[in-house]
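Q: Residue strings, one per chain:
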Amino acid sequence: MTNLFDPRILSKMERLDLVARFVVEGFFSGRHASPYRGFSTDFSQHRQYSPGDDTRRIDWKAYGKTERYYLREYQQETTLTAHILVDTSKSMAYASGQLRKIEYAKMAAACLAYLVLDQQDSVSVIAFSDTLDLAISPTSRMAAFSDVCEALAPIEPEGAGDIPAALHQTAQVLKRRGVVIVISDFLSDVEAVVKGLQHLRFQGHDVLVVQVLDDAELTFPFSGATLFEGLETNASVLTDAARVRARYMAALAAFLETLRAGCVNSEIDYLLADTRENLDKVLVAYLLSRGKRR
Amino acid sequence: MTFLAPWMLFGTLFASVPVLIHLYNRRRYRRVPWAAIAFLSEVVVRSARRLRLEEIALLILRTLAVLFVALAVSRPLLSGTGAGRDAVILLDTSASMRYREAAGSVFDFARARVREIVSGLGPGARVVFATFDSDARLPLGLQPTADVRVIFDAVDGAKPTWNATDYSAALAAAATASRGFAPAKPAVFIVSDFRRGAPALEQGGPARTEAPSGPLYLVRATDADGENIGIDRLSPAGEVFTSSAGQLAAALSNATSRRVTVPVTLEIDNVPAGTTPVAVNARAKVTAYIDAQALRPSGSHRAEASIPADAYAGDDRVFAAVVRRPVALWVSASNESTPFIFAALSSAPPDAFSVSRDFPRAAIGGASPCDGYVLASRPPTGPAAEEVWSRIRAGGFLVFFVDGRDLPATTAFLAASGDQALSKLLDGVHVVEGKFHPQLAASHVVTEFIRKSADLTLSSVDVSRIADVRPPRQEGFETPIVVETPGGALAFLVLARVGRGRVAVFNAAASRDTGNFVVTPFFLPVFFETMAYLLEGASAPGDYVCGEPISIPVPAGAASVDVDGPEGPLAAEVSPAPEGYAAAFTPAAPGFYTIAGRTIAVNVPPGEADLRLADTRLVERALGGAVIPDGDVATKVGLGARGMEISGALLALALVALGLEMALVYLFKRFA
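Sequence order for the protein chains is A and B. Counted from 1, the first sequence has number 126 at position 126 by the working numbering; the numbering is strictly sequential. Counted from 1, the second sequence has number 480 at position 480 by the working numbering; the numbering is strictly sequential.
Worth flagging that the hints you see were computed from the coordinates, not collected in a lab. Incorrect hints may have been included.
[Stated by the list, open to error] Capping the alpha-carbon separation at 25 angstroms, the derived lysine to aspartate or glutamate pairs in DMTMM-like fashion look like this:
| id | chain 1 | residue 1 | chain 2 | residue 2 |
| --- | --- | --- | --- | --- |
| 1 | B | Lys669 | A | Glu267 |
| 2 | A | Lys281 | A | Glu257 |
| 3 | A | Lys90 | B | Glu42 |
| 4 | B | Lys669 | A | Glu257 |
| 5 | A | Lys175 | A | Asp133 |
| 6 | A | Lys195 | B | Asp147 |
| 7 | B | Lys159 | B | Glu661 |
| 8 | B | Lys669 | B | Asp147 |
| 9 | B | Lys159 | B | Asp147 |
| 10 | A | Lys65 | A | Asp53 |
| 11 | A | Lys90 | A | Glu67 |
Required output: the full structure, derived from the provided sequences and hints.
A: Right, dumping it as structure tokens:
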């Protein structure tokens, strides 16, 4: 049976919005209505009307009972805003098979955007490499989803990328608290990356880290004399791949553990996504993250 | 250090192969775009030193493995580390070793091979040297000697004989000699020509009770394949068969006086002694003798058979056959000798002999079968003597008891044989009467030997064993038994070959008047064993014999053709022949004659006449050793004489290096 969430299959669909709808609606099909829907419209209290208030918010039922003007106030005045940061540095162009990391990241971002908009929250998409590039400013209109996809679709990896700087810059730019979802391979100085993430956390954002890595980066299946050529720099390494594999795997495990531990210590949700893994894994991670923060 | 296979040192160049492969692999890599390059660089930089050391270690081990193998196949010898190699060396002295090639005689080549082997054994090597043909002899005894000069003297003193090759005797001597080195196991070298005719090789191997303990090397004295054009003339047996004497007698009883003469074609390889060719008609009712004298010993013959007319239907097919019958003896004995001779003959099994005393008169021109003569009286002279020797040359035999009282007649009779050696048998020596005196050591030995034989039957005494009693031999004779007199050594029993026949000359009279031989207890066994020996005496198929003209087809163009033989150069006259031209000559001495580039054997023992080399695999299978071709024996055999060969150690080192390399590869991967 065809796996509906297989990114390698989904990547063959040209329209990113269709991919997102397909995944999200397929993910929720047959389930009960989302328990998280409408959390931003929960009633909080009544407040006496004062000049200048929007008359559309007057509770006419309360006026009928008391002949005074009251306004209804909700627990959360505005919708949640999810900021989706997509790493577009050159390293995201790597693919050992058919699917590049950037494609996986873009599909994951689209799916998350659709899910957020479907829950009537706001979403913004920020692409970053050397600098931040605001692709879509916060919007809660479902109609804007196509804009999100159109903004994501043409993105191609370029630039050396500076993830820690991008994270710090994001933390400074985003004034309003929200959910920050960072989709990247995080192949950078892990200590600096963790500090950047902590910066976001300190700004009051809920942070979800989605680390996208290729299967070859996780298993290093090479052997024999191999010249590894850097994607972001001109550096290259010639070595007997089979004989450095064990050391590479050990160093990779240490790297991943450092990043994961840094996230856990800062109450940041962390997900390692292999580009061969299904996209619903990302959705589950997001929903679980939201559930914990609620 | 020396190398037994120095040309294999080129193999050390292969030691560079691992380095070349390493360098080649460094230039041959695949490109992979990589995202985590900084991350990987850090890993590689941290591992670089270790990786380089690992590479160098593996490279060294691989190079060493190849180097060790290359050195091992070059077979290096560590000088000064090993003692000389003990050896038993047996030199073939059989008749075929007399064969001369363009560069010299095969026997001279063989002696050179022996010297090479001795020289290659190294310092301190102990050697037992033996010669062999039909028997093995130990000129230096069984005690091993390390004196090279003594060994070389013995080698130089060895001479070829007229005996046939018996590899069983050589192997038995090798086994016996090897025991003298125990617990060491000496290498055994048999230096021979290994020709096809040797019985052991023809029969797939000699009867052997004990193999030499050490390695056996079969050293060819020559790689030159010879020929004997006499062999080429062999014809298949055709319709020759044997019948019993009883059947023959029954057939003859039906004969009548009227006879018809029927032409018969006889395809025959040989007429064995004790048999006679006959003609048999298709109904097998009539058999008649064919005159043996009218037949050559081999080839296709047309003869005439005299068959009773009433038993012959005219269109009967007549076959030629050979039937067994009693040995036909013509006996001439003096009055004093007669009792002893006939007593001896009568003690033989019934039907063993058919004796006629009408000798020599009836023997002359007679058509009846006559296999041989027993002469114990005054020898015949004139035409009678010529007739006797003619029959002997044709394949008969003669037992001659010499009576010293009539020396001139005896000498004249022997001279009539035409055999140079036999003619001079009695020249210049005092004829010793055949009295066996207990004080004569040698005769005592013979006597004691015979006495120890509990059962004095025909089969209990072996003439060849008697021959071992006294090894000295006279050139040109087979001398199984000798006695030593104060005047020097003189043969007691001389065995000679005359033409295709054999002659036994007892230097003793068969009477009590002049000797005591006939009354000694070994008279009967020696007499019968001598008879048995003589009955085997027919020449090998295809042989030529002394005294008989040989005609060889040659191309036209010269009046004579040079013949190279044992007597020196001869000239064979060329004359027209039915099928072109033929060169004819009469050999006077046994040996190998070369005419027009081709070789023929004259009076050479059976098995020695075929000059073609036996197949190497056949020789190795038959004798159980390794054949070493003609050439540098010491090098090819790898005696290890000048030191210890370390090929095995080098191969072991190569295996260790490979094992270490595999272990390191595993460990490097396991603990990378």
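Q: Would you mind marking each hint as holding or not holding in the structure?
A: Right, here's what the structure says about each hint:
1. B:Lys669 <-> A:Glu267: violated (39 angstroms)
2. A:Lys281 <-> A:Glu257: The hint holds at about 20 angstroms.
3. A:Lys90 <-> B:Glu42: holds (20 angstroms)
4. B:Lys669 <-> A:Glu257: Cα-Cα ~24 angstroms, so holds.
5. A:Lys175 <-> A:Asp133: With Cα atoms ~17 angstroms apart, lysine 175 of chain A and aspartate 133 of chain A stay inside 25 angstroms; holds.
6. A:Lys195 <-> B:Asp147: Judged against 25 angstroms, a Cα distance of about 96 angstroms means the pair is violated.
7. B:Lys159 <-> B:Glu661: violated (60 angstroms)
8. B:Lys669 <-> B:Asp147: violated (62 angstroms)
9. B:Lys159 <-> B:Asp147: Given that 25 angstroms is the threshold and the Cα spacing comes to 21 angstroms, the pair holds.
10. A:Lys65 <-> A:Asp53: Answer holds: lysine 65 of chain A to aspartate 53 of chain A is near 20 angstroms, not above 25 angstroms.
11. A:Lys90 <-> A:Glu67: It is violated: about 65 angstroms lies between the C-alpha atoms, which goes past 25 angstroms.
Hints 1, 6, 7, 8, 11 from the list above are not met by this structure, while the remaining hints are.
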